[in-house]
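Engineer: Each protein sequence line maps, in turn, to chains A and B.
So in the numbering used here the end of the first sequence lands on 1381, straight run, no missing numbers.
So in the numbering used here the end of the second sequence lands on 487, straight run, no missing numbers.
Some hints could be false.
[Unchecked claim] Taking lysine-lysine and the DSBU-like style, the derived pairs with C-alpha atoms no more than 35 Å apart in a straight line are:
id, chain 1, residue 1, chain 2, residue 2
1, A, LYS951, B, LYS223
2, A, LYS1222, A, LYS1040
3, A, LYS1286, B, LYS145
4, A, LYS1040, B, LYS145
5, A, LYS1222, A, LYS891
6, B, LYS128, A, LYS1286
7, A, LYS1286, B, LYS223
8, B, LYS140, A, LYS1286
9, A, LYS951, B, LYS140
10, B, LYS462, A, LYS1040
11, A, LYS891, A, LYS1286
12, B, LYS128, B, LYS223
13, A, LYS1014, A, LYS894
Simulated from the structure, these hints should not be mistaken for laboratory data.
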Amino acid sequence: MMACEHVPRERLLDALRELRDEGFRLPVDLTCVDRSALARADGDGPRFELVYHLRHVPTFELKCIKVTVDEADPVVPSAVQVFRGFLWFEREVFDMFGVRFEGHPDLRRILLYPEFVGHPLRKDYPRRGYQPLLPMPRLEALRQPPVAPADFTNLGTDFTNLGKVREGELLLNMGPSHPAMHGTVKLRLRLNGETVEDVDPEIGYLHRGFEKMAEAGTWTQVIPYTDRLNYVSPLINNVAYCGAVERLLGIEVPERCQYIRVFVSELSRITDHLTAIGASAMEIGAFTPFLWAMQAREEFYYLIEFITGARVTTCYTRIGGLRADLPEGWQERYLACEKRLMRLLDDVSALLTRNRVFVDRMADVGCMSAEDALEWGWTGPCLRSTGVDYDLRKKCPYLVYDRLDFDVPVGHKGDNYDRYLVRLEEIRQSARIIRQVIRDIPEGPISVEDWAITLPPKEAVYNTIEGMIAHFELIMRGIQVPAGDAYFAVEGGNGELGFYVVSDGSGRPYRVHVRPPCFAIMQALPEILRGALLADIIPTFDSINMIGGEIDR
Amino acid sequence: MPTLTIDDRVVTVEPGTRVIQAADALGIEIPRFCYHPGLSVAANCRMCLVESNKSPKLVPACHEVCQDGMVIKTRSARVLEARRAVLEFILLNHPVDCPICDQAGECELQELYYKHDRRPSRHMFRKLHKPKAVRIGPRVVYDAERCINCTRCVRFCDEVTGTHELRQVQRGERTYIEVFPGRALDNAYSMCTADLCPVGALTTDDFRFKCRVWFLSGTETVCPECSRGCAVRVDTWRGAIQRVVPRHDPGVNGYWACDAGRLAYHRFETGRLAGAMVKGERTSYTRAVKALADALLELPGDVKVSVALSASLTHEDARRVMRFVLARWSQVNVGLLRRPEGEADRLLVRADRDANRVGVTGEVQAAGLEVRTDLSDAEVVLVVTPVGGVEGEVAERVRAARLSMVVTPFETEVLSAADFALPAASPYESGGTFTNEFGVVRRLVRAIKPLGEARQVGDIFLDLAERMGVEGVA
């Protein structure tokens, strides 16, 4: 059970301000739980429970606040007045649950389209819910010749969130089908010549209902979905989700498992950063380093396939352990990989780090201050590029990170260039971590040996009735997780990747919420792009490394 | 009235109450295999052992009678270890059959092992083999390897049916159950032994390998096969009935149901009238209703009408037919269409094989008429039945009538002679109320959708009434 403070909604803003004054300046997450399907001791309590998470700077201690509101009056004062970093989080709660945030500057749906009917994460919204077909009265209007800016409202696209359109300005949809808008996202731009007057990122094109589907099966059946969150670092998602459920179960995985989870997390971090660096280079014209980064990444995918059986859809961790132990020869395979990685990394760096064009495009572009970054809820390489050395592996160690030696690179300008440098160095630090894992990893079991959690070994399942029954019950009923809630976060490729899970005591999750690091980062994109040039959009967007699977779920 | 403490909860009970009954009433869980409230206490499985201050050894809660000042612990370390030990012994020779065993998903052995044990096997040797898949009766199959020798089935045949077909044979670990030589487990309630069996040792032939239990949706309803109306649960999957099992209803059938009643649903699986017929020609339900409505509208109000109402109609359906008929015509004879009587037994089966004779008779009387036996010289004949039986004298009347309308589930030969034939839903496809022979009222609940274009009898008459502008039928 999580320790949290229950606050009446009238006191919410004051409580948040007090916490901020005490030093809790990093807004981590805001989500909601629909309690109407819980068999509650309090009978008909309020339906919606809002859960706020904040971290203290510089200790990064976690604080949780809960506010409950009734179905009849689902309104809460908007926390954006205290922390801008709740901007998109409140929009998502509104989108998914229908809770309204009074005072929010822009309360509209974020993952779903405006005409969507209903709030899908509510328990009474069916998993297979049908939506009415949209009429297309604007189709004819679109075939008319272009009209003056004042008449833009009849084009069927609402540009009101981009401020007042002035004479000579251009409204442009960048994406979602745009080669640089990877992960599928639309940047709605208001351009004055080449200057970006305003930008409104429109996400949700890759929204697949992860959090809703997580409530459909057993706890274990959520794991394959986690692969598809940040799909360039799937192993980190596997580790984070299982860690959250293990926290609810009150169990710790065996030591060897912890080392392996660290190992595969760093492998994933490397693939994530290689992709980010490579793609940002390519999209400003440097194609060669992209291919080299991809070659390095390919080595790692081959290694990951050797270990887990898949390049991307790894599904490697299990609640209480792992799917299988590392295959024989993994150390040699890794070291061969690492050798090629270091060569390619040096080559990429040689082409980019002191490249005049690259530096001119990236340095002093997309600047973010440490103060603002914290207020927006930035974490990971983006936060560290501003000079704040927050890395969960150091500040809130998990698994065996507290036994390992590694540095956390930190920038000082918070620009695109610093983000590039931070990621580049993190790859080297990940390699350093992995070397220590190879040196220190103990023998032993890789899963908790309790048949209430881990499947029995197949020899036992096929040959003994005990193993057969335990297997049957675990598969059919799922791991019985005691009722309660827990938040567990790891250092993902993009920053704090958290899972907030709620159990009703059964083998099926009641609520699984993902705290996506790039969600908090992207909401600040307008802030750093306003006043920038059109050509700055792509390097800035790339350096943020938004991954569609993670931001949209 | 002894007062005792179970797990720090104090309770006062009737004298003679067993500890396990007191715990059940308190909601305190005591695992068990051989104990069943409808049978005598055997105390052979030892799964319900609990700690008692009245004894240095653990005592079986199913046998132990509550005494004043008794202190029972159901979760002490000794008790928990005893449960694991009992399960280990039972599982020693238990075959690894779950993937092919019908009981998987509703198996007490699976559930209790997972809840109270979960330790790996310590068994080093080959398991003991015993007879498997033995057809011990026309409707029941026995697997001696899966049997945990709880003797529920033996006690059932001794105490409930009094037929004594089963006995334990052999000794020690070789013990299993056998029928007496020359006999079979063929009493009228033999399938109840499969319900009783906590494992997959006894399974019904009817359900064997049919469907995995976790796919089933259960409908709590009553059996329509005789005038007792035993409480049953009809389990369906994908809109088809897979099995029927008894429910506990102390005022009607206790814990049991008869085999014939449970299997009766098969009768409605074949030979069904899926659409409608008009003068022997097949047509759609809607067209037939239209044609019938037109034909009935042409009849004068004083034409002689005779209605044969099945005694298996629900209260509500019978009521609608009566309202419809009396709203149109004044010269109405109503007769009961009854299924042929059978033999009653000393247990549940009643001679009257209709579900609602008391109820239908009551509805006719409530409408102001008396049930008549002579239905001669009627020009218009209506036969309304959800269970068929349009034969013999009734069929003759249909043939002889000036205008005949038959509402029945089955497509029989007489329908080609009838002017109008509409497809009726069976009792498994209908919902309503029955009053059994003893005056007990129970709900019939629809378990599956009517086959083809069949419709519940009452709804058919609603449709007709709507078409004809007849008011007050609903």
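Engineer: Taking the hints in turn, state whether each one holds.
Structural biologist: To see whether the hints hold, each was checked on the structure:
no. : hint                  : verdict
1   : A:LYS951 / B:LYS223   : 34 Å, holds
2   : A:LYS1222 / A:LYS1040 : 32 Å, holds
3   : A:LYS1286 / B:LYS145  : 25 Å, holds
4   : A:LYS1040 / B:LYS145  : 46 Å, violated
5   : A:LYS1222 / A:LYS891  : 18 Å, holds
6   : B:LYS128 / A:LYS1286  : 21 Å, holds
7   : A:LYS1286 / B:LYS223  : 27 Å, holds
8   : B:LYS140 / A:LYS1286  : 19 Å, holds
9   : A:LYS951 / B:LYS140   : 49 Å, violated
10  : B:LYS462 / A:LYS1040  : 31 Å, holds
11  : A:LYS891 / A:LYS1286  : 43 Å, violated
12  : B:LYS128 / B:LYS223   : 28 Å, holds
13  : A:LYS1014 / A:LYS894  : 33 Å, holds
The structure is inconsistent with the numbered hints 4, 9, 11, although it conforms to all the rest.
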